Amino acid sequence: MNPVNYLYLAALLFTIGAAGVVIRRNAIVLFMCVELMLNACNLAFVTFSRLHGNLDGQIIAFFTMVVAAAEVVVGLAIIVSVFRSRHSASVDDASLMKL
Amino acid sequence: MTHAATVHSLWTTAAAAPDKIPSPDIEYGQLSPTLIVLGAAIVGVLIEALLPRRQRYVAQVFVSVVALAAAFAAVIGLAAGDYGTSKAHVAAMGAIAVDGPALFLQGTILLVALVAVFTFAERRLDPLVHGNRVDSFAAQAAAVPGGDAEKAAVKAGFTTTEVFPLVLFAVGGMLVFPSANDLLTLFVALEVFSLPLYVLCALARRHRALSQEAAVKYFLLGAFSSAFLLFGIALLYGYAGTVTYSGIADVVDGQVRNVTPALAGTMGNDALLLIGGAMVLMGLLFKIGAVPFHMWTPDVYQGAPTPVTGFMAAATKVAAFGALLRLLYVVLPGLRWDWRPVMWGVAIVTMLGGAIVAVTQTDVKRLLAYSSIAHAGFILAGVIATTPDGVSSVLFYLAAYSFVTLGAFAVVTLVRDAGGEATHLSKWAGLGRRSPLVAAVFAVFLLAFAGIPLTSGFAGKFAVFKAAADGGAGALVVIGVISSAIAAFFYIRVIVLMFFSEPRTDGPSVAVPSPLTSSAIAIGVAVTLVLGVAPQYFLDLASQAGVFVR
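Note that the protein sequences, when read in sequence, are chains V and W. Mind the numbering: the first sequence is residues 1 to 99 in the UniProt record's numbering, read in order. Mind the numbering: the second sequence is residues 1 to 550 in the UniProt record's numbering, read in order.
A hint or two may mislead.
With the Cβ distance kept under 10 Å, some of the chain W side facing chain V (calculated, not the full set) [as the list claims (entries may be wrong)]: (1) Ala141; (2) Ala142; (3) Pro145; (4) Val199; (5) Ala202; (6) Tyr239; (7) Thr242; (8) Ser246.
Here are a few chain W residues that sit away from chain V, every Cβ distance over 10 Å (derived from the structure) [claimed, not checked]: (9) Gln212; (10) Thr505; (11) Asp540.
Keep in mind that the hints were calculated from the coordinates and are not lab data. Quantities reported herein were computed from a predicted structural model and do not represent experimental measurements. Positions of the beta carbon are idealized from the N, C-alpha and C atoms, including for glycine.
Full structure from sequences and hints, please.
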């Protein structure tokens with residue numbers, strides 16, 4: 001199969017994730033959409049790595065996974081602390097600072 | 001030798017021993033500023049784990065201050081060893097550039113962080129709680145605001161001394177960010193300095209709901225923008241087949257001709273280059289806080305603990321502009337006819353948008369946030385110049401601006417009422433009559449923001465606009481001067497409010513700070529005046545440091 005198809009898939013996944021961040025309202029779902037975007041990046045890296053015949057892209061994919069894991073740690077901590085004080089994970093409720 | 005081997009040797013010869021994989025060659029000495037700061041951050045984590053609570057504060061402050069000062073000394077040592085000029089080169093197997101802009105910005109970030117740590121360590125502003133001195137940070141960040149666990153933590157006199165290692169980790173990332181010489185290092189450095197900042201935003205002692213809200217917004221939008229940055233990196237990797245800056249620049253310049261037919265679809269494909277470059281720029285402009293990627297700035301600046309806001313506003317901007325300069329000047333100069341119009345647009349809406357919206361603000365921290373957006377626009381004007389003067393003027397502006405910002409936010413921590421900091425502008429009315437010194441110091445910072453002569457703001461703005469005009473961006477300079485005038489209006493309005501209106505009877509009081517905050521503010525004033533009165537030495541320093549290594 002032509003590896004370029006995987007690039008289209010990566011772009012599609014990235015778009016789904018970005019659209020999800022814009023449309024959805026639950027902080028956890030938003031966060032999952034961001035993770036989907038990062039995984040789309042990984043797919044693109046690995047595909048380009050295959051196309052170019054060098055390993056850079058595969059190494060970068062590992063780095064991305066580590067960074068995504070670190071981001072989960074920090075992000076879930078913040079979201080959980082907000083949820084515990086407000087009993088809601090909706091980003092629309094977080095509006096104490098409107099103009 | 002056995003019989004088989006002798007026969008075998010008739011028609012074979014021993015090949016050379018297989019090449020060993022060369023071990024990476026790391027120039028530890030040239031990376032020492034970053035290594036010192038990250039090492040101290042790890043020591044800070046160990047202090048949290050091993051020392052009893054009572055001793056942690058002193059130990060953490062000591063380790064942070066010593067590490068930042070030592071790292072600054074290391075930067076000075078490297079600069080004195082000509083690593084900024086004649087010996088500028090790429091270290092750590094091509095991952096880190098050691099050159100003039102990198103060293104200049106690292107020195108600025110380290111000094112800013114050192115002064116910021118003073119404001120983090122301040123413990124005299126809040127009244128004693130159960131006989132314990134407290135700082136600006138939550139007693140226990142995990143406890144629910146207003147809950148029993150929080151009350152118990154406050155009563156026990158807990159303090160979040162973890163902020164010091166968090167700051168050091170953030171500084172470590174910021175030191176790498178402007179010197180990153182490949183896109184992977186850029187991305188990792190971005191996350192290394194962003195993640196601690198997200199956590200720091202959530203740690204305010206007062207108005208904890210606001211602080212947590214700021215952290216959620218900053219985190220979600222920050223993660224969103226870094227995903228864009230990463231996809232942009234993927235596309236640039238697809239375009240060039242490498243993520244090193246010089247490798248991509250070579251492909252952009254058309255110096256790589258031996259494209260194999262199998263790669264014709266990706267390598268050298270302009271669509272990948274343009275979309276990828278735009279997405280990487282988007283990620284960097286988000287960190288800078290340029291319109292239209294500025295939505296997080298006011299909320300985060302307002303909600304975060306004020307010492308954190310000051311640190312973030314100053315140091316993040318320095319690091320992000322450093323990375324933006326290197327990307328535009330080293331990786332994409334061959335594409336400048338494409339990115340200059342876009343950056344023109346971004347700079348114009350940033351200058352005007354920040355200045356106009358700031359006029360309507362009623363909260364000091366939000367006001368300073370919008371003013372920081374306007375200043376990002378002014379700095380972008382220097383970035384667009386694409387001349388050596390452009391680089392050096394941006395470096396100078398960043399150094400000048402960061403100390404004004406730190407000082408201004410340090411003053412904000414002093415003006416307090418029963419609910420903590422009184423940030424609403426109406427409460428600042430008549431402050432000049434109650435506390436002339438504090439109001440005068442704040443007026444100096446506001447005048448520097450406005451760009452009045454004899455302050456660093458004027459020297460910086462003049463340098464940036466002159467570089468932009470010489471670089472053929474005259475129209476941009478006109479718009480910049482107009483938005484400076486709009487911005488001057490609201491800075492002057494605050495000064496008038498402080499000195500010429502009647503103080504309110506229920507107005508806030510000015511807390512008497514410890515020598516820590518006093519010296520932070522004094523350093524801010526001193527740098528503002530010195531860079532304003534005698535900028536030439538520092539302008540020369542910046543122009544010596546204005547050449548990127550490739």
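Hint compliance check: list the failing hint numbers for this structure, sorted ascending. 8 and 9
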